[in-house]
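Protein chains: 2
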Amino acid sequence: MAELAGNCLIGQSGGPTAVVNASVAGIVSEALNHGCIEEVYGALNGVQGLLGEDLIDLAAESQQAIRGLRHTPGAALGSSRAKLKKPQDFERVLEVFKAHNIRYYFHIGDGESQDTAAKLAELANAQNYDLRVIGVPKTIDNDLSVTDHCPGYGSAAKFIATTVRELAIDADATAQNDIVTIVEVMGRNTGWLAAAATLAKRRDHPNDPPHLVYLPEKPFDSAKFADDVRRILKREKHCVVVAGEGLVDKDGNYVAVEGGEAGAAAHFGGVGEHLRELVETQVGGNVRVVRLGVTQRSAAHLASKTDADEAFLAGQAAVKAAIDGESEKMVTLVRGDTDQYTCETSLVAFSEIVGNTKKLPGEWINEDGVSLNFQFYRYATPLIQGEVTLPYDNGLPTFARLAAESVDKQLPAYEG
Amino acid sequence: MAELAGNCLIGQSGGPTAVVNASVAGIVSEALNHGCIEEVYGALNGVQGLLGEDLIDLAAESQQAIRGLRHTPGAALGSSRAKLKKPQDFERVLEVFKAHNIRYYFHIGDGESQDTAAKLAELANAQNYDLRVIGVPKTIDNDLSVTDHCPGYGSAAKFIATTVRELAIDADATAQNDIVTIVEVMGRNTGWLAAAATLAKRRDHPNDPPHLVYLPEKPFDSAKFADDVRRILKREKHCVVVAGEGLVDKDGNYVAVEGGEAGAAAHFGGVGEHLRELVETQVGGNVRVVRLGVTQRSAAHLASKTDADEAFLAGQAAVKAAIDGESEKMVTLVRGDTDQYTCETSLVAFSEIVGNTKKLPGEWINEDGVSLNFQFYRYATPLIQGEVTLPYDNGLPTFARLAAESVDKQLPAYEG
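Those protein sequences? They're chains A and B, same order as listed. Each residue of the first sequence is one higher than the last, beginning at 185 in this note's numbering. Each residue of the second sequence is one higher than the last, beginning at 185 in this note's numbering.
Calculated from the structure, these hints are not laboratory results. All values derive from a computational prediction rather than experimental measurement. Warning: the hint list may mix true and false statements.
Since copy identity is lost for identical chains, a pair holds within one copy or between any two.
[What the hints assert, rightly or not] Straight line, CA to CA, 27 Å or less: simulated DSS-like cross-link-like pairs of lysine-lysine:
1. K270 to K434
2. K267 to K418
3. K418 to K303
4. K434 to K593
5. K269 to K489
6. K542 to K282
7. K269 to K421
8. K421 to K267
9. K434 to K504
10. K418 to K593
11. K421 to K270
12. K303 to K434
13. K593 to K421
14. K542 to K418
15. K408 to K418
16. K267 to K408
17. K270 to K593
18. K267 to K434
19. K593 to K489
20. K489 to K267
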């Protein structure tokens, strides 16, 4: 493979995770190892930066700042849910790439957003512009079918499991009051995050909280729910319920989505309050609702070291693949088949990603529909191992902030 | 003071904090230093254990377990919001004390619950039964006027500030979307917890999130709220709001309390959803609501070392005071008047505690009504210093569980 000389660019897309910036750090530090990569740029705010030519010079950042990204939540480059839509949007981005001699584009995003990267690569091909595009996955939802797991999931899982273990101890202390604690977690279409709460159980203590876990994979039935809660209150004197925000009834309709169609994305959630009502009207008891919300993806103070390291590794792997001449592929994580957990990276063609949502396998869910069996624990436990050491200053963790030195614009503003 | 030989008993009351068990550990370990204290018992589930004669032998616990209490959330002895009401309830408890030769009673609870301890002491006096009763304060609300601060507050403050700092970084990453992030925190009558969120700001960065903090001390005005949010969105492109659950309007009515009178305690909360509606109808924008709920008092994984150490110290101080002949008093924390933070314990008579709710001083709140000045930072910053090192097993923090060996009952069951 002939060496391709030029500059590289990183873009972030979609909701952040606790470790998405570790992938940025992995890309930047690996890019600097390769002489054929001259400048290392970042696009501000995802596709908005691509269209607006808002690029920053990442090689000019201090090493401190790039190292700090390994434990900094949010999206250091800014993110966006906007998408490139019109053909001229794609044309414009390619113009920006040409103006800055971008020959390597690394796209960090969830499965859906890799589609944008794929289309950019196609357009470059059609114009005989030599460009290598590699995707890096990120999503706390863990719903990508082409990879064993997604960077971001392990940290969210560790945070949810820890939080549920802690609040269950609190609830247990006043158990004689028939308290029902409802924890609403993210996961619009899959139960990976809700299932993660069950990691809070101690080994060989299946009756430990969380007692009931409701997964989007299992149609929700109010009558069964009320029975479940009654059964647990009788046995335990209190009940810890975990519910994924994307619960659906037997007809496939969401059980609780606030607001209407407009802005539905932001309005997602409300399952906790819906279940509160069900308990109050059908079972009785004192209900507490916790809605973890964005804390699930921003709790860097409780990130999984395994996850943070794999996110960094995925970034490095993307650069190595591009240097090796790969393009139009996304990095995946591949688990070794030995008892001892190991994880390597591989690649998958963009064409194989789109439209595949990985659900929790039905055979990992117990017959009661509200608990997981050993196959889930075997899968998820390695992903939450290890703690990330954060620097603390004045009692609080400190996070990296990029100096974000702008790259001079070469093109007139884009009117869209 | 003549030495008083006999057994000691510990009771917990009210909602747990992340460090309330550290006070139990302080009492147990100090009690074992004094030969005149023979047995060290705990009452299960607060007043229920006192009435039911459900006592456990704390001296029989492993040293490991007692040490583990220093970082274990919840109430290890169980707690209860029930109160001793009828005169015969108090008579019964004193009978239990006599049956087990309890000469030292340590009551860990909030301000209100110290009243129970006070009445028990009075009854013992009236019956010439030699009993020393010392209270140990605990509450995340920090609303006790007789002490500089309350064990439990520092850890809740550290957790809230860290969480808000993290989720603000997440929100900032997608700032171009006019996102309003609303974080509902506890605090029924005071804004100590809401104010703690402002510790998330970096020094000399008053415009850092959280941008708007609504305190129960300041009457809530919907029109001003909408103006505040608009102003921040214009300046920052996103807005982080923190609201105490106990916000009241100008007439002193709660802005949002779910449910009716019945079970009002459990139903508290809902301010987040109320503010969401206001933003959506009066300002527009994408709203995210986070309700931290009980995680604020159970997040032992992010406890303040200063707070945990002071909670332990308060337990030790209670025992030392009782050995010195003190009774009918509660331990308080006293801050030194030097620049360098120091904290010692003192005592206050039970009679001086009841009915005094410590509000945030008005002169600590800026004129805008939604931010705090240096006086609050000077007060609160020392309380969140230091991290508690937790043992982790298999990716999650592990917590102590008491063996809870029962003490033989001496009395017939209480019919009440």
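A quick look at each hint next to the structure:
1. Taking the closest pair of Cα atoms, K270 and K434 never come within 27 Å of each other, the shortest separation being 38 Å inside a single copy and 52 Å across copies.
2. In this assembly of identical chains, the alpha carbons of K267 and K418 lie at most 27 Å apart only when taken from different copies (24 Å versus 51 Å within one copy).
3. In this assembly of identical chains, K418 and K303 lie within 27 Å of each other by CA distance neither inside one copy nor across copies; the values are 56 Å within and 35 Å between.
4. Proximity of K434 and K593 under a CA criterion of 27 Å is satisfied in neither setting, with 54 Å inside one chain copy and 53 Å between copies.
5. Proximity of K269 to K489 under the C-alpha cut-off of 27 Å is found in neither arrangement, the shortest distances being 37 Å within a copy and 52 Å between copies.
6. For a Cα distance limit of 27 Å, the shortest separation of K542 from K282 qualifies neither inside one copy, at 36 Å, nor across copies, at 64 Å.
7. For the identical chains of this complex, K269 and K421 are inter-copy neighbours only, at 24 Å across copies versus 54 Å inside a copy, given an alpha-carbon limit of 27 Å.
8. Only between protomers do K421 and K267 lie at most 27 Å apart by alpha-carbon distance; the minimum there is 20 Å, versus 49 Å within a single protomer.
9. Within a single copy, K434 and K504 get their C-alpha atoms no closer than 46 Å, and across copies no closer than 63 Å, so neither meets the 27 Å cut-off.
10. For a Cα distance limit of 27 Å, the shortest separation of K418 from K593 across copies, 26 Å, qualifies, whereas the shortest one inside one copy, 67 Å, does not.
11. In the homo-oligomer, the alpha carbons of K421 and K270 lie at most 27 Å apart only across protomers (26 Å), although the nearest pairing inside one protomer, at 58 Å, exceeds that limit.
12. In this assembly of identical chains, the alpha carbons of K303 and K434 never lie at most 27 Å apart, being 37 Å within a copy and 57 Å across copies at closest.
13. In this assembly of identical chains, the alpha carbons of K593 and K421 lie at most 27 Å apart only when taken from different copies (23 Å versus 65 Å within one copy).
14. For the homomeric pair K542 and K418, neither the shortest alpha-carbon distance inside one copy (36 Å) nor that between copies (40 Å) is at most 27 Å.
15. For a Cα distance limit of 27 Å, the shortest separation of K408 from K418 inside one copy, 15 Å, qualifies, whereas the shortest one across copies, 48 Å, does not.
16. In the homo-oligomer, the alpha carbons of K267 and K408 never lie at most 27 Å apart, since the shortest distance is 41 Å inside one protomer and 35 Å across protomers.
17. For the identical chains of this complex, K270 and K593 are intra-copy neighbours only, at 22 Å inside a copy versus 79 Å across copies, given an alpha-carbon limit of 27 Å.
18. Taking the closest pair of Cα atoms, K267 and K434 never come within 27 Å of each other, the shortest separation being 33 Å inside a single copy and 45 Å across copies.
19. For a Cα distance limit of 27 Å, the shortest separation of K593 from K489 qualifies neither inside one copy, at 38 Å, nor across copies, at 50 Å.
20. Taking the shortest alpha-carbon separations for K489 and K267, neither the intra-copy value of 32 Å nor the inter-copy value of 46 Å comes in at or below 27 Å.
The earlier numbered hints that this structure contradicts are 1, 3, 4, 5, 6, 9, 12, 14, 16, 18, 19, 20.
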